[in-house]
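For chain S, the structure is supplied; the task is to place chain Y on it using the hints.
Protein chains: 2
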Amino acid sequence: MTLPRLNLGEFVHSLLRIVLGQPHIPPSLANNALLQVILRRRSVRHFSSRPIPDDVFAAILEAGRLAPSGVNLQTWTFAPFTADEWQATFGRPIPFRGQRAILIMGDTHRAKSVLDVFPDSPLVEYTIAVMNASLAAMNMNLAAEALGVSSVMLSETGRSGFLDAAYLRETLRLPDGVTPLMTLVLGYASRPYPPMPPKLPLAEITFKGVYREADPVIMRDWLAQMIAGYKASHLDSSFQAQVQVYLYKIGQAEAELQRSLFAGRTRHAHNTTEPNLQDG
Amino acid sequence: MTLPRLNLGEFVHSLLRIVLGQPHIPPSLANNALLQVILRRRSVRHFSSRPIPDDVFAAILEAGRLAPSGVNLQTWTFAPFTADEWQATFGRPIPFRGQRAILIMGDTHRAKSVLDVFPDSPLVEYTIAVMNASLAAMNMNLAAEALGVSSVMLSETGRSGFLDAAYLRETLRLPDGVTPLMTLVLGYASRPYPPMPPKLPLAEITFKGVYREADPVIMRDWLAQMIAGYKASHLDSSFQAQVQVYLYKIGQAEAELQRSLFAGRTRHAHNTTEPNLQDG
Numbered sequence: 634m635t636l637p638r639l640n641l642g643e644f645v646h647s648l649l650r651i652v653l654g655q656p657h658i659p660p661s662l663a664n665n666a667l668l669q670v671i672l673r674r675r676s677v678r679h680f681s682s683r684p685i686p687d688d689v690f691a692a693i694l695e696a697g698r699l700a701p702s703g704v705n706l707q708t709w710t711f712a713p714f715t716a717d718e719w720q721a722t723f724g725r726p727i728p729f730r731g732q733r734a735i736l737i738m739g740d741t742h743r744a745k746s747v748l749d750v751f752p753d754s755p756l757v758e759y760t761i762a763v764m765n766a767s768l769a770a771m772n773m774n775l776a777a778e779a780l781g782v783s784s785v786m787l788s789e790t791g792r793s794g795f796l797d798a799a800y801l802r803e804t805l806r807l808p809d810g811v812t813p814l815m816t817l818v819l820g821y822a823s824r825p826y827p828p829m830p831p832k833l834p835l836a837e838i839t840f841k842g843v844y845r846e847a848d849p850v851i852m853r854d855w856l857a858q859m860i861a862g863y864k865a866s867h868l869d870s871s872f873q874a875q876v877q878v879y880l881y882k883i884g885q886a887e888a889e890l891q892r893s894l895f896a897g898r899t900r901h902a903h904n905t906t907e908p909n910l911q912d913g
Numbered sequence: 634m635t636l637p638r639l640n641l642g643e644f645v646h647s648l649l650r651i652v653l654g655q656p657h658i659p660p661s662l663a664n665n666a667l668l669q670v671i672l673r674r675r676s677v678r679h680f681s682s683r684p685i686p687d688d689v690f691a692a693i694l695e696a697g698r699l700a701p702s703g704v705n706l707q708t709w710t711f712a713p714f715t716a717d718e719w720q721a722t723f724g725r726p727i728p729f730r731g732q733r734a735i736l737i738m739g740d741t742h743r744a745k746s747v748l749d750v751f752p753d754s755p756l757v758e759y760t761i762a763v764m765n766a767s768l769a770a771m772n773m774n775l776a777a778e779a780l781g782v783s784s785v786m787l788s789e790t791g792r793s794g795f796l797d798a799a800y801l802r803e804t805l806r807l808p809d810g811v812t813p814l815m816t817l818v819l820g821y822a823s824r825p826y827p828p829m830p831p832k833l834p835l836a837e838i839t840f841k842g843v844y845r846e847a848d849p850v851i852m853r854d855w856l857a858q859m860i861a862g863y864k865a866s867h868l869d870s871s872f873q874a875q876v877q878v879y880l881y882k883i884g885q886a887e888a889e890l891q892r893s894l895f896a897g898r899t900r901h902a903h904n905t906t907e908p909n910l911q912d913g
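Which chain is which? The protein sequence lines are S and Y, in order. In terms of the numbering used here, the first sequence has 753 at position 120, counting the first letter as 1, and numbering is strictly consecutive. In terms of the numbering used here, the second sequence has 664 at position 31, counting the first letter as 1, and numbering is strictly consecutive.
Chain S on its own, in the form it takes in the complex (with noise of 0.2 Å):
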């Protein structure tokens, strides 16, 4: 993979694009301050050494505890940590210094004791693990917006999501069924907010009618824009370098996700019969 190289003039527009880059809020509702948490919430990766305290940090589980689920499944299992216990667990501080963390995961392992609902449906059963998992994730990061609270959710930096899934399978001894997805580390912000990264235009990532292809100007404009973003805040590296990084560690992750979905499974064998909807 090769990415397009930035001369100075396309690094310096590129970079004042992002910094223009704002939360369209209709003036009507600009006075919403739930609505405002929300679209003016970024991930933050600099924290303050102040504690969260104990209320807060539970009443942000409850909102991962309430997220709602397909089929009501709650699909999902949470480990919570302070910092001292990651450092015991991990060997390592939280990430960026953060106060407290939870480990979010994709969990159809645990309802199958009472209940076999994907009988022979990997894919399925992991996509709603997945679904189910990131409506809580989100749940909780606003929760924890709400009351102040900064955080940002990592896949990977720092051996913290599905792209080490091998790695915390062993580490906590997750069995299959259990997907680590992501961690939220959470902490009082230190900074105030960096300005927004590069989002596409609505007009990109909505239809009507018939799925549209993507424009090439916008996307070509949007890798522009990513490309000289990384660098402005990674001068010690480039994009390019860490997208190879990424791309070892994607290999290692689709080999453990090939394993753990598929293992003692038949692919495409499932269920064509039709349902007797007079039954039960």
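Hints in this document: simulated from the structure, not taken from any laboratory. Be careful, since some hints might not be right.
Chain copies aren't distinguished; within one or between two, either way the pair holds.
Taking lysine to aspartate or glutamate pairs in the EDC-like style, the calculated list, with each CA pair at most 20 Å apart, reads [to be verified]:
no., residue 1, residue 2
1, 745, 848
2, 882, 753
3, 841, 688
4, 832, 809
5, 841, 809
6, 832, 803
7, 864, 854
8, 864, 809
9, 882, 854
10, 832, 846
11, 864, 643
12, 745, 846
13, 832, 854
In this text, all values refer to a predicted model and were calculated from it rather than measured experimentally.
Frame of chain S, contents of chain Y only:
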């Protein structure tokens, strides 16, 4: 799959447990209006005919656009519908007579026009797509709540989500790499919010140290509540019959997912070369 049958005592006891279920909001945080909105959100299936204003709908979509995503890849596409547009597209009303709907898709197809981030890693690619799109879905759900708009996320009802992926792929001409996950149905609630569906206790869905197997007493109690809740709200059908329908649709969805994820791909072919950190 056979479900336990509840006797009358178990049925009444389980219903009572549901009605008495409440969010655990620490008294010290009970005055936080934003937290209240997040923890009191419910899936709503009864909407009034009051229309959703355009500025409100635009702010909800903006929450989707600005959701966090892994490596900021924004692997999602949203198809927004008015009631008329939904009727014209699918030949039926929006489920539960919602006023607007947003079909939420995982989309790794768009970014491929400029960057092939996940060569030969279909499951990692799919995981990112499902995770990010679900984060966006929850962000939109809560932005709606913040604006007084209620909603429900549907994956099956009314051919609205990933259990109907093949149908939606054909109808909306979705290329492989674009996976319909769920529809967010939106409207103003016409009744008070329903009781909380039976939620597992926090102690059951969290662990410290290493993974802890499910408590069979708690899981059987939860399943009894699920069955009782279904019986109480669907007097004309049974949970068992509903499960049979799901099983059939799950089998179809599994076949479509396996086709679309692995079509033209070699399984277990992935990059295992150590990354060269000096490169780039």
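Against the structure, the hints:
no. : hint      : in the structure
1   : 745 - 848 : between (44 Å within a copy, 12 Å between copies)
2   : 882 - 753 : between (28 Å within a copy, 13 Å between copies)
3   : 841 - 688 : between (45 Å within a copy, 18 Å between copies)
4   : 832 - 809 : neither (35 Å within a copy, 23 Å between copies)
5   : 841 - 809 : between (40 Å within a copy, 18 Å between copies)
6   : 832 - 803 : neither (36 Å within a copy, 29 Å between copies)
7   : 864 - 854 : within (15 Å within a copy, 54 Å between copies)
8   : 864 - 809 : neither (39 Å within a copy, 32 Å between copies)
9   : 882 - 854 : neither (27 Å within a copy, 41 Å between copies)
10  : 832 - 846 : within (17 Å within a copy, 41 Å between copies)
11  : 864 - 643 : within (12 Å within a copy, 62 Å between copies)
12  : 745 - 846 : between (40 Å within a copy, 11 Å between copies)
13  : 832 - 854 : within (11 Å within a copy, 45 Å between copies)
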